[in-house]
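Novice: I would like the entire structure built from these sequences, with the hints used as guidance.
Number of protein chains: 4
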Amino acid sequence: MPDMEDSSDLYDSYESEAPAWADHQAQHLEDLDTVECLRRKIKYYFMNPCEKYHARGRKPWKLILQLVKIAIITIQLVSFGLSNQMVVAFKEENLMTFKHLFLKDYVDGGMDTYAVYRQTDVYDHIEYILKQYGHLHNITVGNHEYEKNGGVYTPLSVCQDFYRNGTIYPGNDTFEIDAHVETECFNVYPMYDPSLREVLPGFELHFKRMLSVKLTFVLKAINLQTVRHRELPDCYDFTVIITFNNRAHSGRIKIDLENDVDINECRDWKVSGACKFTEDSDIFFDTMTIIGSILKIDIQTKVLTSYDVCSIFLGTGTMLVWIGVIRYMGFFRKYNILILTLRAAFPNVIRFICCAGIIYLSYCLCGWIVLGPYHEKFRTLNTVSECLFSLINGDDMYPTFKNMKQKSNLVWIFSRVYLYTFVSLFIYMILSLFITIITDTYDTIKQQQQSGTPTSELQKFLSVCKDLPNSGVYRLDENNGCFLQCWISR
Amino acid sequence: MPDMEDSSDLYDSYESEAPAWADHQAQHLEDLDTVECLRRKIKYYFMNPCEKYHARGRKPWKLILQLVKIAIITIQLVSFGLSNQMVVAFKEENLMTFKHLFLKDYVDGGMDTYAVYRQTDVYDHIEYILKQYGHLHNITVGNHEYEKNGGVYTPLSVCQDFYRNGTIYPGNDTFEIDAHVETECFNVYPMYDPSLREVLPGFELHFKRMLSVKLTFVLKAINLQTVRHRELPDCYDFTVIITFNNRAHSGRIKIDLENDVDINECRDWKVSGACKFTEDSDIFFDTMTIIGSILKIDIQTKVLTSYDVCSIFLGTGTMLVWIGVIRYMGFFRKYNILILTLRAAFPNVIRFICCAGIIYLSYCLCGWIVLGPYHEKFRTLNTVSECLFSLINGDDMYPTFKNMKQKSNLVWIFSRVYLYTFVSLFIYMILSLFITIITDTYDTIKQQQQSGTPTSELQKFLSVCKDLPNSGVYRLDENNGCFLQCWISR
Amino acid sequence: MPDMEDSSDLYDSYESEAPAWADHQAQHLEDLDTVECLRRKIKYYFMNPCEKYHARGRKPWKLILQLVKIAIITIQLVSFGLSNQMVVAFKEENLMTFKHLFLKDYVDGGMDTYAVYRQTDVYDHIEYILKQYGHLHNITVGNHEYEKNGGVYTPLSVCQDFYRNGTIYPGNDTFEIDAHVETECFNVYPMYDPSLREVLPGFELHFKRMLSVKLTFVLKAINLQTVRHRELPDCYDFTVIITFNNRAHSGRIKIDLENDVDINECRDWKVSGACKFTEDSDIFFDTMTIIGSILKIDIQTKVLTSYDVCSIFLGTGTMLVWIGVIRYMGFFRKYNILILTLRAAFPNVIRFICCAGIIYLSYCLCGWIVLGPYHEKFRTLNTVSECLFSLINGDDMYPTFKNMKQKSNLVWIFSRVYLYTFVSLFIYMILSLFITIITDTYDTIKQQQQSGTPTSELQKFLSVCKDLPNSGVYRLDENNGCFLQCWISR
Amino acid sequence: MPDMEDSSDLYDSYESEAPAWADHQAQHLEDLDTVECLRRKIKYYFMNPCEKYHARGRKPWKLILQLVKIAIITIQLVSFGLSNQMVVAFKEENLMTFKHLFLKDYVDGGMDTYAVYRQTDVYDHIEYILKQYGHLHNITVGNHEYEKNGGVYTPLSVCQDFYRNGTIYPGNDTFEIDAHVETECFNVYPMYDPSLREVLPGFELHFKRMLSVKLTFVLKAINLQTVRHRELPDCYDFTVIITFNNRAHSGRIKIDLENDVDINECRDWKVSGACKFTEDSDIFFDTMTIIGSILKIDIQTKVLTSYDVCSIFLGTGTMLVWIGVIRYMGFFRKYNILILTLRAAFPNVIRFICCAGIIYLSYCLCGWIVLGPYHEKFRTLNTVSECLFSLINGDDMYPTFKNMKQKSNLVWIFSRVYLYTFVSLFIYMILSLFITIITDTYDTIKQQQQSGTPTSELQKFLSVCKDLPNSGVYRLDENNGCFLQCWISR
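Chains as they are written, first to last, in the UniProt record's numbering: chain H, 1 to 490; chain L, 1 to 490; chain A, 1 to 490; chain W, 1 to 490.
Since the hints were derived computationally from the structure, they do not count as laboratory data.
Chain L regions said to be covered by chain A (calculated; three or more residues, Cβ under 8 Å):
#1 311-324
#2 331-340
#3 385-399
Computed list of chain W residues with no C-beta within reach of chain A, every gap over 10 Å:
#4 HIS54
#5 GLY57
#6 GLY151
#7 GLN448
Beta carbons are placed, not taken as given, at the ideal position from N, Cα and C, and that holds for glycine.
Specialist: Here it is, written out as structure tokens:
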């Protein structure tokens, strides 16, 4: 407030000073004009595009350019996303197919519990895989084929990892182990009806020392459905890896099937009957930023292996661009207060998150140590954090209560106290305080806006000039002289 | 505030002016009376029905009529809804029946994963459908029958879509394809124990080129259960379409069963033993609005195919009518403040939703591109939006965290950062700001009501007249002269 | 505020009046004393038990009695609840047993989809039930037995409901039906290895006319586990009813198993080896209210059939008693403000719920009509309301979005608009307004308490007396004269 | 406020007093200096570490030590947690293995419904267990072995609990029972292909009197996977107990498998081929507090049976240590207000929880009694509380509505009223009041901070001294004289 008076004093002094020295008056009036010019010029500089249009009739080219850029980036992202969606779907469906073809008695959704517990079952599962692999093209309804390397099919490899040596007698609580891991591999060529004994005569699993068995083979396929979208089909190499995992030696061997995909352009192709094919790498115009284009080309031709890094850059970039759009909303007064509130409350929210974060962390550590053995969700520090964060934000609590194993009364009571206090503390106190912080900030900003206090030296300087944008005084032709004079007099 | 003083000045001037010019006094007093008359008349006009009743004893016919209209519309809607509920249930149960009868090894709830992966399985499934179709009436416990067309059963048709020509060698990364799609159809008449080879001698599936196989047939049924509700039974034509979808050529052929329903009045019927039948199209009285009636009749006779459009109109209409009822609550002062708050806060909320929506959109785009390949819920832009919107409003977060596939560490970390920041930002900052906006609006409106500031010219004019509704001055017999005089003097 | 001044005027007048008329002074002073007495007496009357103890040393007998009563009622309720819990568990386990024994291929949790679709399956299921019933005691691991009536086993009855007459030709869209329902019953006595043809030679199901088949039989059992809790075992009569429901004639016959339970005291029993048996009907002490006792005795002896009505009375009663306890918390100032806020905000919250309820209702109706055919949760008006209410309060939204069937694009878009607007409106605006209402009420009450404005005539009268409870002036021996005088002077 | 004026009076008096008595002036000035010294010294004492550093350049050793301590405790906890995680995983996987090996037709996740209902099934299950136990090492893929006791395998024991005597005739509603429980045991040695008749010739189950059958045996195993983490493998004794529970005599015998684990150091071992083995009990340095170390050693050597007690102490301890860290955040002014708000609001929140708790309790009791028989979640008082608490905090409500069994209309309506009112009351009123309490506290504290009112005598005394920490006056060398003088003059 006192600052404001100072500023008007300063202004008054310009005017009251003038009549004092009559001969300096002309010079002074010229100075005053110059100051006024400067003020108006600066004020114009800080106008938003709408106001600039009103002030001088300048078309908001920059704004339009910005919007066009955002549109282009978004369209590109969406087109890339849509094409990517199809690739992902094809990969997923092939994975499902391989599970159904190569895993014995596999049921959809049962991968979590797909494991074997008996020695004969392990042999049966391996034999089943070899058999299915052997007459794949009589079975599959897709267009899968073996990989060929110089006219010869590349074989399926069966590899067994085991400790080099080891005699384990749990009955006596004694063991002798050589912790070096050895690997034994066999190659199996596609064959119509193999039995394990025939194909791998010397093959035996040393269950007590065994760490894992891995079956690896490559299948090739072509994604034909892109033909209907007027894109060229791609050729896929699926490397299927089936792992029998016995690292825990707990009597449970978990079986896992993964497929790594390698996408290439097909070597030789001929498509007829479709109206027009876009080469996929056209789209749109030439003024793309260089990095964007390269990324896009790379991804489109699907030769880039570091797909994840790219997508993170692309995604985060687009996100930031869009968040940047909010700036333009600040041009409108009613929007401005909301955005200002969010921005002003941000540091306080972050500060408070730090405080609450420490309490949160302490609950995480405590829960992990005490409840870890009794609840799936408290098994690792990471899942504890996710579970607690979800609980605050409205996750189902009852299952968390219910699935707590009730072996020990002490732990059971602890778990109840732990959950009730955590939820009460965070939902009733900490979430409420967030609301309070935001409300407080909003009130502060609203009062600031209503009192209209200038908050910086520049604002004080400009506050003297009250000309509205459409008053006409900003028009270049009229002011030209003024600015010219302003420049000359300097 | 200054406006208010003006208005009282205006009023004072009427009274202070009068004694000044004595000869104009009589005329002036008459004028004053006229103004007072007008004031009272306008005030009466803006009274709510209760006050009007107190002022002149006028019964609130309009209000009663409104309430009756709402009651009628709601009753009609409910009766239509209840009758519709039965139709939907019948359709649903028939769909379940067809799935159990025609899909081999079908298990309830398993439609998501109902697919085949082996060539022989495809043939088996088709043969099973033909067989079940062949002796349907010995199997079904419902009253299904084949459609007859001129005394002859309409046949089941088996159609195969495939690329006209195509040689695909994934092993060599080469292919040659003619993208024209050809369709090959066979008709099968109901037959007791068919084998595929017998019924369709030349039938062969070209798996590599095949896009889909479709089996289509029509079954007729009568919904007898309406008899017990004293309605006439309807005759249903179910067009059952079983699709083997191989468009992806991924090795997985998804099988889908749909039934399109066509509901007709039965041609010839005789019902006895039931007390009384309503023809379903009576109901109630004649002053129905024309569109409403037509719609209702159309839907009741079930000949309207565009059922969805109708239901959307009907539903939205009723919704708006009911929301209109809120207006009447504004008659009571305590309710009024709540409604006013909602209405006044609305533009600000919408404005803020715009701002938040941009941040939201940016998160959607980013999540779609980066997490799409790793999480079911981020597969399409639409599901991303639904997933994030649900997360804000209290959806289970833990499964979203958990189901993120952990193939790439980078993406895994990104997903954590993404979800933690999104939830924190939206729940702790943005939802809190909504509360702040509402609170602020409420305070503003409460202060306005307490200070009683008139907000429009009309209110200022009326604010002079302080007569209460039940003061008697509004009674028509007393005021008649006044108003008459008022009209004459004009 | 003006009222307050009035009250002090009134008070001043007593004192200023006195010196005016000297001869009336003595009388007046006596009057003043009387008024003071009355004031103190009334003030004492409104004191809370703690203050009364401080004022006159009176022990808070009433409060103690109240607390004892609450304790007794709660203990009784808990003991009844615990005993009831065991009965419910026994009933539930028997129901599971009957499902496993009598329903062919029954799997736990699959009752929703337990249905048959083929004619032979219906016969098979009935035959299976008869067979299992025939050699029940060789199968069951519980102590189930057939009911005997005069030395003869009561038979199992098979009843078929069907329309008296009916010829239905869906193929021609014609039907002729006599809507009278006839019932045909057969009795089957337990028999070792029956085949349906043997046992029920003339039994045939008229699928087209059939409404339902019902198999009913009675099994008796004794709940021995109460022996270990030193209670007498009860004898149970389970009436098992298996219903094949074909009312829809949709081709799907739903099978349902219910058991009605009748609990009696066993007729003849002898228990040894257990230390001491409480007869279960001891209770506790004699001052129980009459209704309570009768209820309890009735329920304990388990002869009361209207168990539900009782439990609702008992439960609601105990709830109200406990809520009444809150009154005592109002004795403490800090608690009082919270309770007062809740009480004061209540009418406004209810008012607002009315307004919001109308919008809510309009959404319910609209959703029911439009989305009913496309989503399970929108099938009936009741489930729509439950679903929407749950959505507001943090239910999983994503499944609601996801399970919307995507047949019609129009409905799909409508469903999105519907859900997004509903959730936004209710969570962002209406829930926020609740918070505002409560906050506003709290502020009002806090200011009232701080300004200490008396709000009623009585409070104004009492506000003059500022004696603290422990000041001693309330002691009976000292005041006795005063009060006596007070009574005499009247 | 009046206190503040007093304090300034006190201060003024020092200065105004001085010129009054000229000869006492020197003495007085010295006194003033002493007071000033003391003030500064105390003020320094209450400074936070940062300010102390600025004031005198003192390094914040204590703070650093604290942080180091916290780091050590957390690191230890994390290392212990990680090692514990592996143990828990090994136990869990073995439990899964035992279930798959010994329970007939066991399916993952189906333990809830794993039960038998037929007499022959009970015998079959027992025979299956004996058979699997007999040739365990030909089956298992883990390194399980029988326990040996003096060269002889310890046998599996089969124990049957039953009432000593009992004749139960549910058909007549009569029974005669001797409530003494007898136990009959058989020992079975591992045998290749036993049939129950052979192995246990006299074995028979008295189903009507039987309470339970228990099969107990011990298996030994070694957790080899720790070898890869450079830790010594541990030897495990699993005591497997399979219980057939018939206590309810409801016709359903629930089967349960538990394994108690005993972890020992292996007796004799030899590991080669791994680079370096940490003995697991090293880690870090010697200044550990004694209790902590002992606990850690005990747990690390895994001989401590009371693992749960330890983990609760460890977990809670670490939690408290971390929460203590928040104190240090109070050093920063912006953080301080948040922490102060939480602390100041705490008593009010607790008070309010008491009030709300009573309403909550009344709902719990009522729901338990009335809805207990009709809903799983309302079966016990504990689950009712958990269910309602979860509902308030955003649990899925729809399933709770939906799973309410609809047998009785009265109870159905009650359940709806119960749930709607409970949720409305708690979410709309009580949660909102929490927010109000926090907001109110925040406002109070903010105003207090802004008005800067000193709140204690000490603060008043210190408030006179306005020297900033980095003003230099606190430097020890400068003040030394002052403090010395201060001490001397006393």
